[in-house]
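Please construct the entire structure, taking both the sequences and the accompanying hints into account.
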Amino acid sequence: MADTKYNFKDFKSDQEIRWCPGCGDIAILMSVQKAMAALDYDKEDYAVISGIGCSSRFPYYMNTYGFHGIHGRAGVLASGVKTANPKLSVWQITGDGDGLAIGGNHFIHEIRRNIDLNIVLFNNQIYGLTKGQYSPTSLFGQVTKSSPYGTIEQPFHPGELVIGARGKFFARSIDNKVADTTEILIQADKHKGASVVEILQNCVIYNNGAHNAITSKETRDDNQIWLKHGEPMIFGKEKNKGLILDGLNLKVVTIGENGISKDDILVHDAHQELPYIHLALINMAVADGFPVAFGIIRSVEAPSYEVLLEEQIKDVQSRSKIKNVDDLLLSGNTWTVD
Amino acid sequence: MADTKYNFKDFKSDQEIRWCPGCGDIAILMSVQKAMAALDYDKEDYAVISGIGCSSRFPYYMNTYGFHGIHGRAGVLASGVKTANPKLSVWQITGDGDGLAIGGNHFIHEIRRNIDLNIVLFNNQIYGLTKGQYSPTSLFGQVTKSSPYGTIEQPFHPGELVIGARGKFFARSIDNKVADTTEILIQADKHKGASVVEILQNCVIYNNGAHNAITSKETRDDNQIWLKHGEPMIFGKEKNKGLILDGLNLKVVTIGENGISKDDILVHDAHQELPYIHLALINMAVADGFPVAFGIIRSVEAPSYEVLLEEQIKDVQSRSKIKNVDDLLLSGNTWTVD
Amino acid sequence: MDKKIIEVDQVVIKFAGDSGDGMQLTGTQFSNTSALIGDDVSTFPDYPAEIRAPQGTVGGVSGFQLNFGKKVNTPGDFPDVLVAMNPAALKANVGWVKDGATIIIDTDSFTDKNFVKAGCDAEKLKEIYNDYNVIEAPITSLTKESLKDTELDAKSKTRSKNMFALGMVYCIFDRPLEHSIKFLENKFAKKIEIAEANIKVLKDGFNYAVTIHAMPSFRVHSSTIEKGVYRNINGNTATSWGLLAAAEKANLPFFLGSYPITPASEILVEIEKRRDLGAKAFQAEDEIGGIMTSIGAAFAGHLAATSTSGPGLALKSEALGLAVITELPLVVVNVQRGGPSTGLPTKTEQSDLFQALFGRNGESPVPVIAASTPSNCFNYAFEAARIALEHMTPVLLLTDGFIANGTEPWKIPSMKDMPEIKTQFIGKDEKEYLPYLRDKNMVRKWAVPGMKGFEHRVGGLEKMEVTGNVSYIPENHEAMSIERDEKVKLIVNDIPELKVEGNKDADVLVVGWGSTYGHLTTAVREMNGAGTKVAHAHFNYINPLPKNTAEVLSNYKEIIVFELNLGQFAKYLRMMHPTNHYEYYDKVQGLPLTVKEIKTKVNQILEQL
Amino acid sequence: MDKKIIEVDQVVIKFAGDSGDGMQLTGTQFSNTSALIGDDVSTFPDYPAEIRAPQGTVGGVSGFQLNFGKKVNTPGDFPDVLVAMNPAALKANVGWVKDGATIIIDTDSFTDKNFVKAGCDAEKLKEIYNDYNVIEAPITSLTKESLKDTELDAKSKTRSKNMFALGMVYCIFDRPLEHSIKFLENKFAKKIEIAEANIKVLKDGFNYAVTIHAMPSFRVHSSTIEKGVYRNINGNTATSWGLLAAAEKANLPFFLGSYPITPASEILVEIEKRRDLGAKAFQAEDEIGGIMTSIGAAFAGHLAATSTSGPGLALKSEALGLAVITELPLVVVNVQRGGPSTGLPTKTEQSDLFQALFGRNGESPVPVIAASTPSNCFNYAFEAARIALEHMTPVLLLTDGFIANGTEPWKIPSMKDMPEIKTQFIGKDEKEYLPYLRDKNMVRKWAVPGMKGFEHRVGGLEKMEVTGNVSYIPENHEAMSIERDEKVKLIVNDIPELKVEGNKDADVLVVGWGSTYGHLTTAVREMNGAGTKVAHAHFNYINPLPKNTAEVLSNYKEIIVFELNLGQFAKYLRMMHPTNHYEYYDKVQGLPLTVKEIKTKVNQILEQL
Ligand SMILES: Cc1ncc(C[n+]2csc(CCOP(=O)(O)OP(=O)(O)O)c2C)c(N)n1
Ligand SMILES: Cc1ncc(C[n+]2csc(CCOP(=O)(O)OP(=O)(O)O)c2C)c(N)n1
Ligand code: SF4
Ligand code: SF4
Ligand SMILES: [Mg+2]
Ligand SMILES: [Mg+2]
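Protein chains in written order, with this note's numbering: chain A, 6 to 343; chain B, 6 to 343; chain C, 93 to 701; chain D, 93 to 701.
Please keep in mind that the hints were generated in silico from the structure rather than gathered at the bench.
Small disclaimer: the values here were computed from a predicted structure and weren't measured.
Nothing false has been slipped in among the hints.
Taking lysine-lysine and the DSS-like style, the derived pairs with C-alpha atoms no more than 27 Å apart in a straight line are:
#1 D:Lys523 - B:Lys48
#2 B:Lys17 - C:Lys236
#3 C:Lys544 - A:Lys14
#4 B:Lys319 - D:Lys508
#5 A:Lys328 - C:Lys319
#6 D:Lys236 - D:Lys247
#7 C:Lys218 - A:Lys326
#8 A:Lys182 - A:Lys17
#9 B:Lys328 - D:Lys341
#10 A:Lys256 - B:Lys256
#11 D:Lys365 - D:Lys216
#12 C:Lys249 - B:Lys182
#13 D:Lys523 - B:Lys14
#14 A:Lys150 - D:Lys236
#15 D:Lys581 - C:Lys693
#16 B:Lys326 - D:Lys508
#17 D:Lys247 - D:Lys282
#18 A:Lys182 - D:Lys249
#19 D:Lys279 - D:Lys236
#20 A:Lys319 - C:Lys508
#21 B:Lys17 - D:Lys537
Some chain C residues well away from chain D (every beta-carbon gap over 10 Å; in silico):
#22 Val150
#23 Gly151
#24 Gly211
#25 Lys240
#26 Ser248
#27 Lys249
#28 Phe275
#29 Glu288
#30 Lys319
#31 Met510
#32 Lys591
#33 Asp597
#34 Leu637
Backbone N, C-alpha and C define an ideal beta-carbon position, used for all residues, glycine too.
As structure tokens, then:
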């Protein structure tokens, strides 16, 4: 495909980065640039599409074709680009407000259609650009500009919504884990169909430390589990904790305790069609005594929309007598006046 | 609460019913009227709110307060009514196009917020009013006006989307099963929070027989399972089939065969918080050798939005010194010129 | 433009079915009701030749033709509407109906058996779908269903199906049911259950037509018939084909993002069929998705369009602003219907003009053009695409329910005769691409993903002249605002001048725009024919207005603006050309103008001169 | 209306911090840059009295005040903008800044320890949030973060924080960075890493202000000070409070459905706080949800409102049509910003006027009013609610970023002096409720769920006069269309006449609407003071226009319409009152008018007379 190989710097545009110093977006930008450099496309075949929000400024910093859309519409804009030209590698950049508040419908529909997009969801659990109102992923009770007495709304779990929309690919990462994020993004691109990558992102200004329980140095080993397809679900500082199935529920166990050995630990199967374990993994939360799941949680093959469309076009073309507009205009009943 | 009791005819308006003869909507109308007559509200405390579609004409046929909204917006219209006046019993009537295509975002957000609405989703797997284009629940490959070569889109499973949006109540019924539907609707109203009732509805004109595999006389006993909380999941003409758990998956078994007794059959627990079995039940399909699940599949208690809001108001009022607008205007820094 | 004759002041209906189908009663009922509400009516019953012709055969077809409206003298030559209760009735009559007529068929009777009886080929008959406005209805089964709770025997039930058909036709022509209800009550005074059954079925037929958005079509004759190959075409098909033609001419792939809405859905449906031409139709989850996927496709280098009607255009207005500021080519087709809000979705109106011109936030100029006949929807759709591609701008094309659904004979153009379209692609060999560098028409160049070396970013924030980088500089914002405005204004040099028809020396100028053309031109021709001098200027280009607009308008003592709204175009003319005085004739009834009311108004103004 | 004096042609900024914070350098840089781009500048450095005053104390505060703009002669009396690097700097200066000034604080330094050092009460200082436009920024930590990848030692890093503050102020006043960058490159020519660090921090400060949508406020003085109790208020708070006041006066619960958007978000934020008044704020998933929940609340009997800015209004336009046809009371607040599309979200503009008037499908008339000062947002919000409730209609209230964010002293009204509001509820004892029975003002009555016996249905389809049942009758549609139009037109009897300020015998009339009032009235007053006769008519009521509009306009030889768009109000006046000639003065720079440019334009016209 590509006739040149790139360095991640080739993907930097000449525009100055305007995110706040320390904003998680900056690291994600790096991860995306590295992923693109590692992938096999020509640079002109990348398109980076966003809505509106701090995160959605992303395309301006990429030296690719880019489109900074309107609020909530990244999904449909990207769907149009990819459907029009399936050869492109299309990256949708969206925030928890852009993608799940105003853009929630496009989000579930692009997943349902399974259009081959890389959907990168920057989840900082806040509206950054408009200065700190709560978003659909803000925690219940969270005090923000627009919830001075605490929100009274249950947040979405983005991964759960992906499953609800019959999604085939869902992964989760953390802004400053550049190497892991890069690898996940590469896999997301390779997966054909709608791939959703949720990245826990820190907004240093309006929701600083929102993910601390998961990401802080002290607790991260016990509160993160990085899943790999085909490998047992083991985590913890000592690598001695694991997940098993207890009836229909997941349970945290310690290897070596209560007769549990490594072999008892559940092996991650990202490829299974049935979503129940994936959903359970997605819903694990520190508050319930579970580690939070990262990595590629679900990755199931299914035909993607734009491919089916091209196939249908070819099929119809092979059968139709109408080859051009003149044929069309003359099709059906006509008569001649002379 | 109520000072009179009603007959279902009290809920008929003087407007002529304009649905096609044989349309499933007509039976659903009857079910709703019967449910309202059986419930404990005064008639003036019902509000029936819809979007646009054949199904959405519903309010005109009800002798209650009613609002025929705009396409896709039934959910937000109903949310406004209920939030404004929590004493009302608010019924949202919506179609698969109205509720899941253009209105999909409001649908998932009203569920997430858990506003106490009775959301009745008329699923005929087609756009009726606009004369037969495919909807987000039309089957993959279905030929319709707008998919002359068959759709290339995977349909939503409404119940799955409800779970994806963290829904607490989901039930399923069939248009012409008036008694069952009535009972389910009564329970949906009694459930506090967003209650979604999907009704398989037959559009005799544009999608006649869409649900035949499930509803036809010959197959219905084997292809339907009616779930009741606390009762074993048994079905079939002979009442000798049942569901068990096989690992994480559901499996159809025959009582009396392979050593299976009635006691082995899974007992339906609609109240369990964890959604995995509910999701598996929702996803059962005839094509996969399963019966389709009906009845109240999920019913979990959780605080509803409008109640939390009223509580928060009371709480803040008890603590604030500002009791009226004069207090507000004079709060903070002021100075006097004289 | 060839001369159009429009005759919708009169409608000819033919009810046709088996002798036992009660067509005579049906026809009589419709005639009486029409007469009672003030129409002129002329009828022509035609019974089968054989007394007891076998059921379902052509020989057994019984028909009733009637003509109603203003100044009706004859039962009419050719029906505008045919109700065909079975294949034989269709076969016997289809050769006589007008081009593009509305044909209501009872699909239940269109069985293989009946085709054999009628002695006709099922496949062959299906071709009528291309040429006529066919309304399918399972009349027999709906009638049975309607009466399933009554005690009547099966035969009596089936016999009331003529009332279902009558109900549908009542609905389509806005006739009241009262008269027929009274008639049935009297006729079956002693068989209450039969009266009730018939009344129920009558109402159900009426409601069914409401529910399925059944709409009549109208048709236009050409009085000057040029040589050539002809076909029938309605406005929605012509619009779809015009867009496809533009894509082919510009050598671009075509993309339509849309969401169904009456009366625009057929554009989506037509493009969905055209996979054979490689066209991509995307049925989005809503109207916003429709336009946004199209903007995405435009960014990716397609000729992209989106189609909708009033409420859908409202939803698209934010995204249309994005197309304005990104200066991407896009065609937005708005098939107007009765408003406000859901309004009268199956009725025609011209009340989205203001929305088309002004319905966006900020200074957001968009060229607006309007088709005026079913067949010239082809030309104006092509033209909208041409302007969009050559001037790098979204273009709004207005049609309405009347022409979208109406059919007329159309001399088929050849693609080689269609105008060239010069897309504004940056040359592949250019060294540099400056996204917002403008030419003398203020038009920027187009570079699309996949073009090497021209990577760039567009978006909704104000951007710097030439480079297109985001810019908050006050003077730049003003400059760009004016350039965007100027770009649209400059299109004036690329569109034809306004023509005046009728008597150019008249004192009175009749002005119209869009779909009122047929009625206005007919009225003006007839008046001039009768010796009253009247001129007629009809607008297809609305923003910008043709260059010679001021000059034309200043030539007349009185200008009368006819339109199907509360005076939007007249107000717009006042805004743009305030020195003239304008008289208004506004109609907001969901109906087209009639030739008669046009003449009355013009005469009234003439008397005052 | 009391007289307003507007002085935004000049801005006074004070940078204040510890002696070691580099405030002198910062101030000098800003002054030099301003001078280089053509402003007049006057500066006033003030060093601490003690040579080595202890850090963090009031005595140790170092300050630099400067005044820039047109015709600047002094460093200014009171700052419009204060940059306070620590509590001591704030304490030392807050008493001197103008009412409603913008105060930028480094939140990192606002620690308990520093409050003790400054000898002040943290709680007390928090009150500034009510009275000033406080921009919080963790300047110290952002600076450190910005430099975390450099080799500099911690102290050097922290020392560059003044550049962060400078960058922010540059952004807020649209100054270029080039000059300071060059300065730093020269100054630290030998310590490249320090130069680079300072430049990086400078840019990061600038970008940070872009990112957080930092906006300046402006303020207005009253020259005639009446007796009474005063407070400072900005336009968004005044709008929120005006709506709450109307609800209380009408004895109705209040509901706001909204979605955040700059510069309207603060209305939502303010109402969210007002749980104490029982107000229900609903942060919806999007703008459509915002207006639709409000329509639901209106149906349920609340005073309901929705707030947004341009792009959001576009999204609401379909739903607004539903409010029109259902004839429910609703206030839609649109805080205008620079367009088209996302445009310039933090800048002010008046370019949504056409959208407000015409941006809906069908004939969809909506009353439009506009506030003209921060404090009268209270009155016009109240008035919008009054008209909505008394005339059963949605009402659009236009403000813009300039007044929404601007602050002025405001004589606090007493609720007992606010006008009565007569809601249109049907009497509880009425026997019958006919939803679309109209009174002499064409207003229907309101019945809400919970009222016994008045059950009825409303919706977006056209409805029958009086009964409100769905109706497809052509004449009824026309009648209802005209009645809805008439209802809005009749509001003219319920609004004040247009007043003329300045010299009423002048030949030239300056016309404006909305937020340009302050500048226009100042310019006109100054011109009349200097002997040039000019009159000024300012519109707050836009649809309908005041009754005496034609009369007022006809009194002048020349009318000049000033507005912040490409002439929308002028075109609207041409449409409504075409016989006058209108001169335009349009500005589309995201900035308010200046007094100077107004005078220049008026003088130019006067010379031509
Ligand atoms: C139609 C419209 N509505 C609202 C806005 C205002 N707005 C801009 S970004 C945003 C939310 C941003 O939140 P998110 O998507 O989470 O992005 P973040 O800034 O947190 O990265 C909002 C409400 C807008 N620009 N357009
Ligand atoms: C904004 C808008 N878009 C589109 C339409 C056209 N429209 C009316 S109903 C409908 C779909 C109806 O489907 P569904 O909700 O499933 O209802 P059904 O008729 O099947 O009961 C559509 C597309 C509309 N009225 N308004
Ligand atoms: S406000 Fe938050 S999300 Fe936005 S750039 Fe700053 S740190 Fe990042
Ligand atoms: S078209 Fe279908 S859904 Fe609509 S009324 Fe008829 S049968 Fe019912
Ligand atoms: Mg966010
Ligand atoms: Mg449907």
